[in-house]
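J.: This is what each chain is made of:
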Amino acid sequence: MYLNNPLLLLVAASSILLSACSDDDTAATGTAAKDVAIQFAAKINGADFNCGQTYPNVGSGSHDYKVNDFRMYLHEAHIHDDATGNTYPIELTQDGTWQLDDVAMLDFEDNCSTNGTPELNTQVRGSVSTPATVDLTATEVCFTLGLPADKNHIDSATAESPLNASSMLWAWQVGRKYIRIDGFGDPTTTNMPFNLHLGAQGCPGSSPTAPPDSACTVPNTVEVCIDNFNVASSVVAVDPGFVFEANDVSVNLNGGPTARPGCMSFIDDDDCKEIMPRLGLSYDYGLTTGTAPSTYAAGQKLFSKE
Amino acid sequence: MRTFFPAYLYETRAEHLIILASLVLAGCSDSATKPIQQDTANRSAVFGECGSGAPVELPCGFPLPREEDNNRLNMARVELGRFMFYDRNLSFNKTQSCADCHLQEKAFTDGLTVSVGSAGHPHSRNAMSMTNVVYNGTMNWANNQIINLQQQALAVITNEEPIELGWTGHDTEMLARLSSPSASDYNGNAPDYPAMFAAAFPDEAQKFSLFTVTSAFAAFGSIMISGDSDFDKEQRAEPNNMTDAAKRGRELFFSEQLECFHCHAGFNFSDSVDHDGIRFTQNSFHNNALYNIGGTGLYPSDNHGLREFTLRAEDEGKFRAPTLRNIALTAPYMHDGSIATLDEVIDHYARGGREILPPDPNAGDGALNPNRSGLVNGFVITANERLDLIAFFESLTDWKFICRDDLSDPFGNIQKHTLCP
Chain S
86 MYLNNPLLLL VAASSILLSA CSDDDTAATG TAAKDVAIQF AAKINGADFN
136 CGQTYPNVGS GSHDYKVNDF RMYLHEAHIH DDATGNTYPI ELTQDGTWQL
186 DDVAMLDFED NCSTNGTPEL NTQVRGSVST PATVDLTATE VCFTLGLPAD
236 KNHIDSATAE SPLNASSMLW AWQVGRKYIR IDGFGDPTTT NMPFNLHLGA
286 QGCPGSSPTA PPDSACTVPN TVEVCIDNFN VASSVVAVDP GFVFEANDVS
336 VNLNGGPTAR PGCMSFIDDD DCKEIMPRLG LSYDYGLTTG TAPSTYAAGQ
386 KLFSKE
Chain H
2 MRTFFPAYLY ETRAEHLIIL ASLVLAGCSD SATKPIQQDT ANRSAVFGEC
52 GSGAPVELPC GFPLPREEDN NRLNMARVEL GRFMFYDRNL SFNKTQSCAD
102 CHLQEKAFTD GLTVSVGSAG HPHSRNAMSM TNVVYNGTMN WANNQIINLQ
152 QQALAVITNE EPIELGWTGH DTEMLARLSS PSASDYNGNA PDYPAMFAAA
202 FPDEAQKFSL FTVTSAFAAF GSIMISGDSD FDKEQRAEPN NMTDAAKRGR
252 ELFFSEQLEC FHCHAGFNFS DSVDHDGIRF TQNSFHNNAL YNIGGTGLYP
302 SDNHGLREFT LRAEDEGKFR APTLRNIALT APYMHDGSIA TLDEVIDHYA
352 RGGREILPPD PNAGDGALNP NRSGLVNGFV ITANERLDLI AFFESLTDWK
402 FICRDDLSDP FGNIQKHTLC P
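Chains as they are written, first to last, in my numbering: chain S, 86 to 391; chain H, 2 to 422.
What the hints contain is simulated information worked out from the structure, not anything from laboratory work.
Label pairs and their in silico Cβ distance ranges: (1) Q138(S) to E161(H): 35 to 43 Å; (2) A364(H) to K390(S): 50 to 58 Å; (3) G296(H) to N130(S): 26 to 34 Å.
Using 27 Å as the maximum straight-line C-alpha spacing, the simulated DSSO-like pairs for lysine-lysine come out as follows: (4) K358(S) to K390(S); (5) K248(H) to K236(S); (6) K386(S) to K236(S); (7) K401(H) to K417(H); (8) K234(H) to K236(S); (9) K248(H) to K107(H).
Source: prediction; values computed, not measured. Here a beta-carbon is modelled for each residue, glycine too, at the ideal position from N, C-alpha and C.
One chain only, chain H, in its complex shape (with noise of 0.2 Å):
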């Protein structure tokens, strides 16, 4: 066999062969990974930490949010894409806005066990806080291809299983609607959307395209920034009203007992992760037990998690953790929202797994799923743990997030949370 590659290579035992390579890669590179890297140097102005002055500020102690190179923010994106988000005729029917999935009050869920889309069907899972979105290592419950919000925002718009938003055929009429706004869809009273476009995007020639309209709503969604709950402020020692109570559930929800903190981890409480400083791809996934149909590991056929990405068996069932911040505001829980309170969230991590039981077509336990998290291993609580462990939940809600006002619906159509001010 004539080939280009000397014999010895053959000969040489493969670990050998890894050896020169590693050392072909790190002799004069940086690294020999490819670590995800944006140009700070060429960030917007548009995040500043603490104190900074920068539009938005963010909370003491938070990462800058990682900017995609080709979607540099301005803060008329910011406030074109607030516009946009609570606008109900960009849906193709002029029944739902991406709001009424995303409710202020509710830490922009909607409360439902799943989310109904504007043609009137029920999606197959429940809808995401918004709360941090920058931050997540990937959007969905369980998607590792969006990677960020101005994919997330195609997602929406153009969802065909179930209808979201409905721009699927329609985006000329779509996109009409925002350059030419009709005053009649408004009462009379249209947002000046051209002139929003032209201060948004005055570097794109084509002011009005899926991609200058996902990114006014991935800019809206990037200042969804949520950070100074009570028990950030205690972290920071500011006055809060932190209870001893939830103080002891911080300590159990940080313990080996529970476990929790792993899969729950860091300032956002998710593991997976993603801003400025960081150099890994950090999307991950875990099965929590939630199902286990018929003994064989499967979860019910419109939620087979991030199998139905990767098409591998062992990930059946694994969605990504999201962030527990605002939790107490956005029941049910779980992708399909089948667990109605954080008093059975409890229940279920406790048993180590939720038992679903004949004649269910679910029936099966979850604690017995082959693709069961190693961390989700059940653990005994008592009475008294279980209320300072949920007060510690309550802690994590940000009233000053679920009450501003430039996240707030400027149509008036969606009332804030009824204890904001």
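This is chain S alone, in the form it adopts within the complex (with noise of 0.2 Å):
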């Protein structure tokens, strides 16, 4: 039966090859930890993101759109099991690259631009320990875009590995890029740069390279959860092109060419307007004039099972 279904076999190969290097162990309450790798799969509108590659209908009025740069952080990752509502995190593996503590990078891009960097990391990497009543074949899994106010703005020269990316940082005192997406619209005409830059905002201090004194007003961290995932099978979607639906990528708003390309999560862009809450955050902080959707309602669009 296997021969006529890759993918049950791909997930029995799979299976086998992540318990034959775990370590599992049952504890006395019956709970077993188990080797996960969350996987994670960069597209646009659908397409299989290619660095470098122009993406046809992105965002409104349909315009061609050249992603050169796609890379994110994440932190507490989890299992959310709907049946009793319990939480079992993910203890991830300390890799010394990718993961430290609770935060994982994911990176999409293999240095197209000559911006970034060629290694590439698609999966979130750990162990779960469940009781036998959790299916890991049919869950909720869950994590938090963005970093913990903790770790967001440490400083990058001793930070470890993937706290010292060059290309996330932003200052101290506003931390890092929780996402970092780069492109241009229409790359052959108005080559207009637009681009996604994530991360906290109101972080108050009186030095832009020093930690803020005190907690940013505006984390913009959000909790997304994906439902109906087997942990050992199924990808995680990640598609800015349903984030810029409403957005021309052809055009940077506030200012024409020299204003701030794309949303980098400042106040007053309106191309925030519309994006902030599809990454279910809202952009009530940024607005210094006029209205906008504060919140979007199907929740976030960035993340979703493939």
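Take the two lone chains, each set in its own frame, and fit them into one complex as the hints suggest.
T.: Here you go:
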């Protein structure tokens, strides 16, 4: 039967691979630590992402969009059991590179722009201890987009990887870019830079090169949950095409070509009005005039089950 | 068709194969990727954190430099490298040392639009500051293939376009100048290179080789570490002379209006950065819109940037963002020295690119260069803000570094900055 169903075969194969090197422990509570690798796949409007490729019909007005950078930080990955409401943290493998404590960096770009890094990472790896009643082939996986405050503002010179990735830095005060997606609208004509840089806002302090004096008023982190998820085989699609659906990626609002290119999270950036709600975040903090949809009825649109 | 692979693999969609591959890779190893890892247990004892008492104490908060596995530092090697760096007999025609294009008083630049090699031929590029070179992701303005100081030293001594130190075809003679220094070359006072090489390379059977020579040059370059400017002292809450104007300039520099800090990122003000804690290959290059000859995106023919190495059209005009530390001392600016002052650099970025008008053969509007970085987008800046920004750049000057004795000329040919004590 496997021969007729390659997917099943792959699931079986991966289970074998995973179990072959796990150090499963059955604790007194009856829970077992299982190695897991949550897979992510970058997309643009449903098409597989390739660094440097131009995608048609992105955003309002159906413009071409060329994407050169695609990286992000997540933290607090966990399994949420719908039946009981219990959560089970995924203890991340401390690999010295992509994962540090409960933070992971996803990196879908391979330096196509000469602005990034050739290394790629499309998964969050660790182990989770769940009771036998939790079916990891049909569960809910959750994580928080962005960085926790106690990691966001540490000094990049001495921070451990992946928090010392130079292209993900803002200044200390603001912290790091949770998401860095860089691209160009209509690359063969107007070639308008249109980026999405998500990060904390309202971080008090007297110096941009020192950590904030107290907590940022707008952390801009958001929990995302993907339901009906088979931990061994499902894939989380990450698709900024859906986030940009109401934006014209061939123009920059607020000031023409010298405006901040795309949505950079800061106040008074009209490019963020439609984007932030589609990340599951409110842009109310950024509005100095006018109104915008402060929430998007359907919730965040960046992540979905593939 | 006979094939080793079972047919079902061919029927499987590509992404599933990718997933399988990821799982295989992820199964047991530390990472599916190829991080550059340094064996930290095998570091030299040269570098240490501030207060550590190490021979070279880093500025507080600076990361440990990466050390090449085959080039462990020792202080004898560093001191040997200093003598060689300042030794004019190490150019074939005995006219130039490294230091003649890398003057300490100018943060190891030469003040020229483009440097001139020992044979008198102009280089196509401006001498780069050696400030914190040990932390560069790559060396040079736009060479993604030279990734450490030892490779860089080899490039300088052997370069033929133009000739820099002119070793090519003469390495036997040049090595002999080190193994048997001629007293007449040094007015009777030759350095004892044989003893210095013996101390620097106790484990090398062959004391005089391109390996040992480049290793010593690299050792000296690696201690050119600068992190004691007024900006740094302000960061560390130490007494300093950072002015209010410089602090306002710092706000501007780190603002989303000016966007400077994306490319000039982090502790060394460059996103091309490497050190012992870095696990990614961060070799960044950017097109900052200096040229757009004939509207075609081209740069002048002697400076295509990264494209010269990748041969990709989209890499035309891409260069490494240099550190901004000591930038006030390193005029003129840009890869070809084509901007004279920091004020004009601000003009360039404020416009989002430079426009060159006919009949200049390089005529074209850099702001329309198709390869222009998405963050070189132009901005509006007032006259006072401009002064503040320049004050910030000046606050990055590290006078301790500019005046350090252990970086200065042991032969006494090259004077220090007049402001040095």
